[in-house]
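Fit chain W to the given chain X structure using the hints.
2 protein chains.
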Amino acid sequence: MQTIRFKNMPKIVATGTIAGPKECAGVVGKYVDKTLSDDTFGESTYEKAECKMLSYAISQTIENAGKRETDVDLLVSGDLLNQIISASFAARDFETPFLGVYSACSTMTESMAVAAALVNAGYYKNVVAATGSHFASAERQYRYPLELGNTRPPQSQWTVTGAGGAFITSANEENRVKNTQKNAEKDAENAPAITFATFGRVVDFGITDVNNMGAAMAPAAAHTILTHLRETGRSVSDYDLILTGDLGALGSRILKDLTWEKGVDIQPNHVDCGEIVYNVLEDEFQGGSGAGCSAVVFNAYIYQKLQKREINRVLFAATGALLSTVSSAQGESIPCICHAISIENV
Amino acid sequence: MQTIRFKNMPKIVATGTIAGPKECAGVVGKYVDKTLSDDTFGESTYEKAECKMLSYAISQTIENAGKRETDVDLLVSGDLLNQIISASFAARDFETPFLGVYSACSTMTESMAVAAALVNAGYYKNVVAATGSHFASAERQYRYPLELGNTRPPQSQWTVTGAGGAFITSANEENRVKNTQKNAEKDAENAPAITFATFGRVVDFGITDVNNMGAAMAPAAAHTILTHLRETGRSVSDYDLILTGDLGALGSRILKDLTWEKGVDIQPNHVDCGEIVYNVLEDEFQGGSGAGCSAVVFNAYIYQKLQKREINRVLFAATGALLSTVSSAQGESIPCICHAISIENV
Numbered sequence: 001m002q003t004i005r006f007k008n009m010p011k012i013v014a015t016g017t018i019a020g021p022k023e024c025a026g027v028v029g030k031y032v033d034k035t036l037s038d039d040t041f042g043e044s045t046y047e048k049a050e051c052k053m054l055s056y057a058i059s060q061t062i063e064n065a066g067k068r069e070t071d072v073d074l075l076v077s078g079d080l081l082n083q084i085i086s087a088s089f090a091a092r093d094f095e096t097p098f099l100g101v102y103s104a105c106s107t108m109t110e111s112m113a114v115a116a117a118l119v120n121a122g123y124y125k126n127v128v129a130a131t132g133s134h135f136a137s138a139e140r141q142y143r144y145p146l147e148l149g150n151t152r153p154p155q156s157q158w159t160v161t162g163a164g165g166a167f168i169t170s171a172n173e174e175n176r177v178k179n180t181q182k183n184a185e186k187d188a189e190n191a192p193a194i195t196f197a198t199f200g201r202v203v204d205f206g207i208t209d210v211n212n213m214g215a216a217m218a219p220a221a222a223h224t225i226l227t228h229l230r231e232t233g234r235s236v237s238d239y240d241l242i243l244t245g246d247l248g249a250l251g252s253r254i255l256k257d258l259t260w261e262k263g264v265d266i267q268p269n270h271v272d273c274g275e276i277v278y279n280v281l282e283d284e285f286q287g288g289s290g291a292g293c294s295a296v297v298f299n300a301y302i303y304q305k306l307q308k309r310e311i312n313r314v315l316f317a318a319t320g321a322l323l324s325t326v327s328s329a330q331g332e333s334i335p336c337i338c339h340a341i342s343i344e345n346v
Numbered sequence: 001m002q003t004i005r006f007k008n009m010p011k012i013v014a015t016g017t018i019a020g021p022k023e024c025a026g027v028v029g030k031y032v033d034k035t036l037s038d039d040t041f042g043e044s045t046y047e048k049a050e051c052k053m054l055s056y057a058i059s060q061t062i063e064n065a066g067k068r069e070t071d072v073d074l075l076v077s078g079d080l081l082n083q084i085i086s087a088s089f090a091a092r093d094f095e096t097p098f099l100g101v102y103s104a105c106s107t108m109t110e111s112m113a114v115a116a117a118l119v120n121a122g123y124y125k126n127v128v129a130a131t132g133s134h135f136a137s138a139e140r141q142y143r144y145p146l147e148l149g150n151t152r153p154p155q156s157q158w159t160v161t162g163a164g165g166a167f168i169t170s171a172n173e174e175n176r177v178k179n180t181q182k183n184a185e186k187d188a189e190n191a192p193a194i195t196f197a198t199f200g201r202v203v204d205f206g207i208t209d210v211n212n213m214g215a216a217m218a219p220a221a222a223h224t225i226l227t228h229l230r231e232t233g234r235s236v237s238d239y240d241l242i243l244t245g246d247l248g249a250l251g252s253r254i255l256k257d258l259t260w261e262k263g264v265d266i267q268p269n270h271v272d273c274g275e276i277v278y279n280v281l282e283d284e285f286q287g288g289s290g291a292g293c294s295a296v297v298f299n300a301y302i303y304q305k306l307q308k309r310e311i312n313r314v315l316f317a318a319t320g321a322l323l324s325t326v327s328s329a330q331g332e333s334i335p336c337i338c339h340a341i342s343i344e345n346v
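Note that the protein sequences, when read in sequence, are chains X and W.
Under the numbering used here, the residues of the first sequence are numbered 1 to 346, in order.
Under the numbering used here, the residues of the second sequence are numbered 1 to 346, in order.
Everything labelled a hint here was simulated from the structure, so no lab data went into it.
In this text, all values refer to a predicted model and were calculated from it rather than measured experimentally.
Using N, Cα and C, we set each Cβ at its ideal position, and we do this for glycine too.
Worth double-checking, as some hints may not be accurate.
Sample of chain X residues at the chain W side, in silico, Cβ under 8 Å [as the list claims (entries may be wrong)]:
#, residue
1, I84
2, L99
3, N345
Derived SDA-like pairs (lysine to any residue); straight-line CA-CA distance at most 25 Å [unchecked claim]:
#, chain 1, residue 1, chain 2, residue 2
4, W, K262, X, D93
5, X, K262, W, E95
6, X, K262, W, R92
7, X, K262, W, F94
8, W, K262, X, E95
9, W, K7, X, A121
10, W, K7, X, F196
11, X, K262, W, D93
12, X, K7, W, K7
13, X, K7, W, K262
14, W, K256, X, E95
15, X, K7, W, N8
16, W, K7, X, N172
17, W, K7, X, K262
18, X, K256, X, R230
19, X, K7, W, F94
20, W, K262, X, F94
21, W, K7, X, M9
22, W, K256, X, R92
23, X, K7, W, F196
24, X, K262, X, G206
Rough simulated footprint, nothing fancy, chain W against chain X, three-plus residues with beta-carbon under 8 Å [stated by the list, open to error]:
#, segment
25, 252-266
26, 331-341
Bound-form chain X, shown alone (with noise of 0.2 Å):
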């Protein structure tokens, strides 16, 4: 069983978001926290901005929650930049045990996973998981630097400014958690759960081509949701919400196709994070990606409708590609993951 269950229902309090402008421009924007009127966020350079959105989204989170700092036990973060250095910098910034993850960008549902399965197995109260990403650290790592100019593939995606983190608590009687966050309306006996994880395997379909990452990823996305619906003997339509994290729109489409040859039909209940993040103009192509697409669109967007119960069940399912730009250099394909998590009002 790839498929764990969390009996004891750590429940989601709050979630705390930053994007910057040309994402705020689309769907999250009336939802974050904080809209950067520029993506430097005042830093010197884009990796420290990105570092410094980062440690935001996790203050945000905690204030969100009503909580102090000290009151989080342990925090569970991840990034795109070599070595996590923004995790790992914005974690210095508190004073809580840090567990460093990587799965690319499915970090958010990687560290949202394992947050669950601490404090559902009752070793901590409350855990913060977060995640971000800048396009402009992201294209100078994994492709070009930004003062080169260079023109993108019709395949290609845009990597996502943005950063964001989820409060995950036991949420009993002895760990009262009041959401302060605009928009809130309920106690956080009534927050959402996260009931079932499901960690993926590593899936490698042959694909070399680096900027067709939802191609890359799409396979690794069907078979970790096949394999959720079959552990878990639900259905796509127990579902309100299918939500994967940046296949982008030619991703999705192959996923739809993948699992439909599977008998499965995703397509009704199917939002891809990537798809939706921004409004449709020429130059994102496929839409957005990074760690930071799924932490904000799911942080922003969907947790809101979440607690308002417009929707109730969500399946979120995000992809990451385990490349890098020495593996892609010596002509290694790109292995994906997808790691899925169960999250509803219960």
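Just chain W now, with coordinates in the frame of chain X:
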């Protein structure tokens, strides 16, 4: 509380290790499963050799536990290369879910702690934790390619070429495991157990010299070890061994000073994997380092001492320096972390 206790005592029923010729000339030589005759391991690049070593260590761990790949519920792994490609590409070789973690050279204890937490909670029966490193790939990525022939300063350490894994299991009646490892004398029920994990905080003492990792990491080790002792109510003499990962000679001396200042004398029971891994030669200066250092020393040498009950209680506290070449180039100091686990014959 940073420390969590594992009531159900997950067992380390087997380990698997591989190391390079230079490493095997030292203390671990007669304990590893495989000694490489040259450090390319038959591959065309050092990165591919590193990945193959890690894959070998995982396979050997499973074989030594008398199990098959399909018996493994989860692989927890990470490494030093950008985007942890050694772990991700090694995971591609196995039909098992994969949880990527990163904390630089403390990845061995982080992955073992996470594995123990998931097994202890009953989510999974059999989890493999593994990591490794390679001298040449680390030099190329973090410092200079070997071909440049740069000289090394006297405070520098030598990244270990090697990998190690641990098979962590619930080892109860329904899940019988028989260790088939050479020199193994005990059944799974008598195997060493992981009893506590102390996840560390990020500690930054402002060190900026990337050739002086020992000094940068020692404060993190002191913080986690002192926290562990305080929270468990244990003293240094309760442990037969306090085993740090890769502080090296200089870092170990700083650790002893820092803990002594706080009224705790770890000197009598302290050993550092980096300090003992090599025969004393000139070019390693302060000793070994890298995620593979503690992975090989613990899983080969120390584990077999635990199995033979020559020692019975070890506090294993590996340390990691959470820098990247980008953070250093941007003038940042080196944030560090130390994750500790207690391993006991119970």
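So, going through the hints one by one against the coordinates:
no.	hint	verdict
1	I84	holds, 5 Å
2	L99	holds, 6 Å
3	N345	violated, 23 Å
4	K262(W) to D93(X)	holds, 24 Å
5	K262(X) to E95(W)	holds, 19 Å
6	K262(X) to R92(W)	holds, 22 Å
7	K262(X) to F94(W)	holds, 23 Å
8	K262(W) to E95(X)	holds, 19 Å
9	K7(W) to A121(X)	holds, 11 Å
10	K7(W) to F196(X)	holds, 23 Å
11	K262(X) to D93(W)	holds, 24 Å
12	K7(X) to K7(W)	holds, 19 Å
13	K7(X) to K262(W)	violated, 42 Å
14	K256(W) to E95(X)	holds, 23 Å
15	K7(X) to N8(W)	holds, 18 Å
16	K7(W) to N172(X)	holds, 22 Å
17	K7(W) to K262(X)	violated, 42 Å
18	K256(X) to R230(X)	holds, 17 Å
19	K7(X) to F94(W)	violated, 29 Å
20	K262(W) to F94(X)	holds, 23 Å
21	K7(W) to M9(X)	holds, 21 Å
22	K256(W) to R92(X)	holds, 24 Å
23	K7(X) to F196(W)	holds, 23 Å
24	K262(X) to G206(X)	holds, 20 Å
25	252-266	violated (count 0)
26	331-341	holds (count 3)
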